[in-house]
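Can you build the whole structure from these sequences, using the hints too?
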Amino acid sequence: MPVGTLGAVKGVTPQELEAAGASIMLSNLYHLALRPGIDAVEKLGGIHEFTGWRGPILTDSGGFQVWSLGGLRTVDAGGVTFRSHLDGSPLRFTPEGVVDHQERMGVDVAMMLDECPPWPVEKAAAETSWRRTLDWARRARAAWKEGPTALFGIVQGSAYRDLRERAAAEIAELDFAGYAIGGVSVGEPEPGTVVEWTAPALPADKPRYLMGVGYPEDILHAVAQGVDLFDCVLPARNARHGVLFTREGVLKIKNARFKDDSRPIDAGCSCPACSRVSRAFLHHLTRAGELTAAVLATLHNLRFYLDFMADLRQAIQLGALADQASFDRRATGEDAPEGPDLGVLPVSSNPLEQRSS
RNA sequence: GGAGGUGUGGCCGAGUGGACAAUGGCAGCAGACUGUAAAUCUGCCGGGCUUCGCCCUACCGAGGUUCGAAUCCUCGCGCCUCCA
1 MPVGTLGAVK
11 GVTPQELEAA
21 GASIMLSNLY
31 HLALRPGIDA
41 VEKLGGIHEF
51 TGWRGPILTD
61 SGGFQVWSLG
71 GLRTVDAGGV
81 TFRSHLDGSP
91 LRFTPEGVVD
101 HQERMGVDVA
111 MMLDECPPWP
121 VEKAAAETSW
131 RRTLDWARRA
141 RAAWKEGPTA
151 LFGIVQGSAY
161 RDLRERAAAE
171 IAELDFAGYA
181 IGGVSVGEPE
191 PGTVVEWTAP
201 ALPADKPRYL
211 MGVGYPEDIL
221 HAVAQGVDLF
231 DCVLPARNAR
241 HGVLFTREGV
251 LKIKNARFKD
261 DSRPIDAGCS
271 CPACSRVSRA
281 FLHHLTRAGE
291 LTAAVLATLH
301 NLRFYLDFMA
311 DLRQAIQLGA
321 LADQASFDRR
331 ATGEDAPEGP
341 DLGVLPVSSN
351 PLEQRSS
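So the first sequence is residues 1 to 357, counted in the numbering used here.
None of these hints come from the bench; they were simulated from the model. Computed from a predicted model, the values in this text were never measured in an experiment. For glycine and all other residues, C-beta sits at the position ideal for the given N, C-alpha and C. Treat the hints loosely; a few may be bogus.
[Said to hold, decoys possible] FRET-style restraints, in silico, Cβ to Cβ:
1. Glu49 <-> Ser84: 21 to 29 Å
2. Arg54 <-> Ala177: 14 to 22 Å
3. Gly71 <-> Gly187: 18 to 26 Å
4. Ala169 <-> Asp260: 55 to 63 Å
5. Ala169 <-> Ser275: 45 to 53 Å
6. Thr128 <-> Ala177: 22 to 30 Å
7. Gly71 <-> Asp175: 23 to 31 Å
8. Leu6 <-> Ala77: 26 to 34 Å
Listed below in structure tokens is the structure:
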């Protein structure tokens, strides 16, 4: 899911997002609630009409923002009180209110309000935090109208195995439309391991969504663990910062070595950038601070990620995922386009080899 | 011809006797980014070395004053403004 926090992927039109191969877009309740406001979105015909995105939309609840924005916040049993990053005005989020807001905007998939503790966190604190999230999950579940908006539960539990396993079991009992794994890749030493504990413990007949992850290799690993859905700002943000994902590794297009490079970004890509312009041109535009550089780079990275996911889907259907050694190289993102060693994952660490079915 | 001003590291531009190898910005070289407060942020950026430190060469040029000068004085050179 490409991330369009404010209703659009930065620098990309809905048409371009479609053309890149996106089928669903992620947006954010917190941001839209602050501006333009839930009422405004509702009055303008709902989030699809408002944004022009015709495919499904999943919104994050803002639980992540409460914890990532820093500043003043007060968590109590009822919900969270914190401050707008725009003007400092106080805001109150409750599990029920968050569900209601997302339903009113007409999103296809709503996320429950959760508590996403940063790393490192003591086990006791992680457990207290999880209890609150579980309580909020029950309240969100009760508030959910079970109409056109699906509601997903979220598993937390930081990097503690027993917490994660309990959390998965407890949240699964609540019978949400889908389940998300939150709080991963927030600085913990082995994010992949958390996925290994958690994903298989969630119902296989419901969508499993790994929130905010990640690099292609992380996604590859998680897919092997049974995860179905992903979102990440990385392809879009890195694109804006001049970092491009390719089948040969990561390109930092601002680097001087691309000054005279007439090749396309990725010979195996058919995105608008790769099919028309050279690395040298994108290098030039990027250095010049030209807006179009960000647009082209974003279209490319989005296409790269979406192609990667499409190839994974196809491999799964063919039962050939484990044979696709080419994924390894693509997934590692090693920056070695000119060296002989392309940094292929060692076989022993290849998550696909561990996949039993 | 006269009067005044000005000359700083690739560029712009602070500094006007010691805390100055010299603030900033730009350019340059690299790095980071994971449910987006991000078209952002960080490091390096005269030369050399054993790089928390030391040595050398440095603020137009040449002299000088001083324990000490990018900073003060003299002369020269360049540029700018005004008067003739």
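Hint check:
For the pair Glu49 and Ser84, the supplied restraint of 21 to 29 Å holds, since their beta-carbon distance comes to about 25 Å. In this structure the supplied range 14 to 22 Å holds for Arg54 paired with Ala177, their Cβ-Cβ distance being about 21 Å. For Gly71 and Gly187, the Cβ-Cβ distance of about 19 Å falls inside the hinted range of 18 to 26 Å, so the restraint holds. Separated by about 58 Å at the C-beta atoms, Ala169 and Asp260 satisfy the suggested range of 55 to 63 Å.
At roughly 48 Å, the beta-carbon separation of Ala169 and Ser275 lies within the given 45 to 53 Å, and the hint holds. Judged by the Cβ atoms, the range 22 to 30 Å given for Thr128 and Ala177 holds: they are separated by roughly 27 Å. Checked against the given bound of 23 to 31 Å, the beta carbons of Gly71 and Asp175, roughly 35 Å apart, lie outside it. Between Leu6 and Ala77 the CB atoms are about 31 Å apart, so this pair conforms to the stated range of 26 to 34 Å.
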